[in-house]
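Trainee: Take the given structure of chain A and dock chain B to it, following the hints.
Protein chains: 2
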Amino acid sequence: MAAFVTIVGEARVLTDESACEQYGLDWTRFYAPDPSAVLLPGSIEEVQDIVRLAAKHKLAIVPSGGRTGLSAGAVAANGELVLALDRLNTISDFNPVDRTVRCGAGVITEQLQQFAEEQDLYYPVDFASAGSSQIGGNIATNAGGIKVIKHGMTRDWVAGLKLVTGTGELLDLNRGLMKNNAGYDLRQLAIGAEGTLGVVVEATMSLTRTPKNLAVLVLGAPDMQAIMHVLATFQSEIELSAFEFFSELALEKVVAHQDLPRPFETVCDYYALLEFEQPDDQAMDDAMRLFEHCMEQGWVYDGTVSQSLAQAQNLWRLREDISETITPWTPYKNDISTLIAKVPDFLAEVEAVVNKHYPNFEIVWFGHIGDGNVHLNILKPEDLPIDEFKIQCGEVSTWVFEIVQRYGGSVSAEHGVGLLKKEYLEYSRSPVEIEMMRGIKKVFDPQGIMNPGKIFDL
Amino acid sequence: MAAFVTIVGEARVLTDESACEQYGLDWTRFYAPDPSAVLLPGSIEEVQDIVRLAAKHKLAIVPSGGRTGLSAGAVAANGELVLALDRLNTISDFNPVDRTVRCGAGVITEQLQQFAEEQDLYYPVDFASAGSSQIGGNIATNAGGIKVIKHGMTRDWVAGLKLVTGTGELLDLNRGLMKNNAGYDLRQLAIGAEGTLGVVVEATMSLTRTPKNLAVLVLGAPDMQAIMHVLATFQSEIELSAFEFFSELALEKVVAHQDLPRPFETVCDYYALLEFEQPDDQAMDDAMRLFEHCMEQGWVYDGTVSQSLAQAQNLWRLREDISETITPWTPYKNDISTLIAKVPDFLAEVEAVVNKHYPNFEIVWFGHIGDGNVHLNILKPEDLPIDEFKIQCGEVSTWVFEIVQRYGGSVSAEHGVGLLKKEYLEYSRSPVEIEMMRGIKKVFDPQGIMNPGKIFDL
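Heads up: the protein sequence lines correspond to chains A and B, in order. Going by UniProt numbering, the first residue of the first sequence is number 1, and it counts up by one from there. Going by UniProt numbering, the first residue of the second sequence is number 1, and it counts up by one from there.
Please keep in mind that the hints were generated in silico from the structure rather than gathered at the bench. None of these values were measured; they are calculated from a predicted model. Each residue gets a CB set at the ideal place from its N, CA and C atoms; glycine is no exception. Heads up, a few of these hints could be off.
Using C-beta positions, here's what the derived DEER-type ranges look like [what the hints assert, rightly or not]:
1) A310(A) / L214(B): 52 to 58 Å
2) M288(B) / F264(A): 39 to 45 Å
3) S36(B) / G439(A): 47 to 53 Å
4) E252(B) / P279(A): 37 to 43 Å
5) I386(B) / V97(A): 34 to 40 Å
6) N355(B) / P96(A): 27 to 33 Å
7) P328(A) / L458(B): 57 to 63 Å
8) P96(A) / R317(B): 30 to 36 Å
9) Q311(B) / E237(A): 24 to 30 Å
10) P261(A) / E239(B): 31 to 37 Å
11) M295(A) / M284(B): 31 to 37 Å
12) A352(B) / V97(A): 17 to 23 Å
Chain A on its own, in the form it takes in the complex (with noise of 0.2 Å):
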């Protein structure tokens, strides 16, 4: 330790029980930190010579972020060291031409959110734990959310990206530019790849035009088949920026414990909630035309139209704190994708095996269903014992999993893979894919000391 105290000063080399409790974990509750250390690096050249020095001994080093990832991909379980680039915190080089911005890996993501807000400009990536994520691990798991429909994931707003890679090796890669076809994009690849080719230390993140006047509509449907309808009718002729869903079951726990207003009273199976600019009265008469005939169609039951910003954020908490609402039944939790046009079946099939071994299980719907990604949650029956739960959603991951990879979908939509779903990259990689991945590594970071073991085993 005494060599990396040399580096980052006595006081950023953390071994107390509390801090290695802290820096170890993710938002992943599975497993018991036990980091040997807390580095905290104050520059990118103190970051370039700890990983120097660790693949000098060999040492596995976990880098850490916000640590609000759900798959396990921060956690440093056994032994690692803990690279947290918290101190990496500059917002600096504001380009108000190309709309970009150098951020440290350390920016919280809501703090470039106000950034961009002050530059009368939008940085779309956005999600529940905007408020304390850092822009480094929001690449490092390529971070999604509720605007993906339009905006796209983390991956797409990544002008430039400065890695160390597992030999203390500085990548600049691709400096902001928007059109660069020179050689392969080691930027897009080092994007997802959990800190297990190197640490992101920089990025420069591209910002766009604030949306105008944004409205959102909620609407109930009779199934998840009418949803698609919704989908596609609002597709055709208005460019959405989020198209939510949610089951009855989330709707009334919500309404229930956050003291929200049901957005209409008809009680129906399924709920969208759409998302569009309004910057003008044509784009509200266009939504409701499409409304009607959704209405005709039989696909809607019923509807409700935010009329200001304010009910606009409400009719959002209906969708957003769901997750919040659900988790004193310490739910079991999937992040999962397929096609969109696949959903309906998908979850139709998940339903079936779920109910016909455990039909006590209350499944909780939500997700982001404009891009095929669904949030399945399994509350936990009052009277089953947590580790008995455990084992049984074990059984119930397996089965999902059998039905991902039958319809050609994902096992990790957004969350990444880290080490909660490690066993079942198979169920969407090929072995051939997986043997590339760790050949790739190996150029990356040959001793293998970058976030071992995430993603997969060497």
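Mentor: Here is chain B on its own, set in the frame of chain A:
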């Protein structure tokens, strides 16, 4: 060759001079074609069989699409086998909900654009060679074009990718999913790799909503800095689908040779062409207000707007016909990019160095300035022998790439590296990055048979 005949049939193994000439060259005319044979497989399995056999005998393969490339990425000048994907030209599995469609690698860009139109959808990647370039080649070079400012590069439209690696393995990457964070995105790595990691045999391409009533505006400006102000002004309020520029010399040549009227009487140093959607009257009112603001500021001297589709097409010709127009001058061409904000200074530096050494060279500038990509064209003076012109242009290249390097730009914005820019790759990529590319290539292609010598030497 007998073994290859067994795979694809005798009629699909071409060795005659005319076939070798035709299939051995792309639109870069600097190399003498010399393939050993041209193979025309009819299925993915046949491609795999060919690659396996070639790997066994360490025979080099050049994947071949529409051969419209401008960096000699598809040139076979060293006795390679040309693997032409022409017969894999089927469009199938249209999915209206996901708005995706499956394309064989040999599908022509225009064929996909027309297919999309028939479904009342839109494939937005467009460029001058869309009538003969193939989807597989577009993916291999990450083709850009005239709508990148809004719609991005080919990279952004590939929802799934089938790649045959250098060992003949078939990778089925991402399978059309919109969200998939299960392991490294090998799809993104293969896009733009110019066939050096494997052969693209099939892709699932995304389509989007058809733009409503596109309007085109051509504006004349006193200098490049003014053009940048125009870009910023319009982009702050309007979602532009194109922002192109060209110089007065470019306009003069086009008007004279294509029998087109000037857009307006005022002669300006530079012109910008803007395209945007006009769903209602409000959009044009906004554009006119911004136009007037630019006039008041002195950034624009004159302008004209399309009143009909025919007029819009004619205005586009002022930009799109430049390349063809200047062909008789056997121009030196270079496709480079920098940060958008740096374009004016960048252009000035390039002009200064060329004018200083070769005051008789005429420089024609045009390009996709909204994304920082400029095309430098130098016309051969009539009295200068072509060989001497080429030698002098070699000098120009070095000066230009030194400036590119100083600006942190790209030696190839959209045309790729191929053979043509291989020796200049280090002006945009560090030695460590190039070494990593070599390492990654070995993972996909351990024998080094896939398009060897392109992008970098092994």
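Trainee: Indicate, hint by hint, whether the structure satisfies it.
Mentor: Hint check:
A310(A) and L214(B) have their C-beta atoms about 37 Å apart, which leaves the hinted 52 to 58 Å range violated. Distance hint check for M288(B) and F264(A): the Cβ-Cβ separation is about 42 Å, which falls inside the suggested range of 39 to 45 Å. Taking the beta carbon of each, S36(B) and G439(A) are about 30 Å apart, not inside 47 to 53 Å as hinted. Roughly 39 Å separates the CB atoms of E252(B) and P279(A), a value that falls within the hinted 37 to 43 Å.
Our hint of 34 to 40 Å for I386(B) and V97(A) holds, since their Cβ atoms are close to 39 Å apart. Here the CB-CB span from N355(B) to P96(A) is close to 30 Å, well matched to the stated 27 to 33 Å. With their beta carbons about 59 Å apart, P328(A) and L458(B) fall inside the hinted range of 57 to 63 Å. Between P96(A) and R317(B) the Cβ separation comes to about 32 Å, which falls inside the hinted range of 30 to 36 Å.
Take Q311(B) and E237(A): their Cβ atoms lie about 26 Å apart, and the range 24 to 30 Å holds. Between P261(A) and E239(B) the beta carbons are some 35 Å apart, a value that agrees with the proposed interval 31 to 37 Å. The hinted window of 31 to 37 Å between M295(A) and M284(B) holds, with their beta carbons roughly 33 Å apart. Roughly 22 Å separates the CB atoms of A352(B) and V97(A), a value that falls within the hinted 17 to 23 Å.
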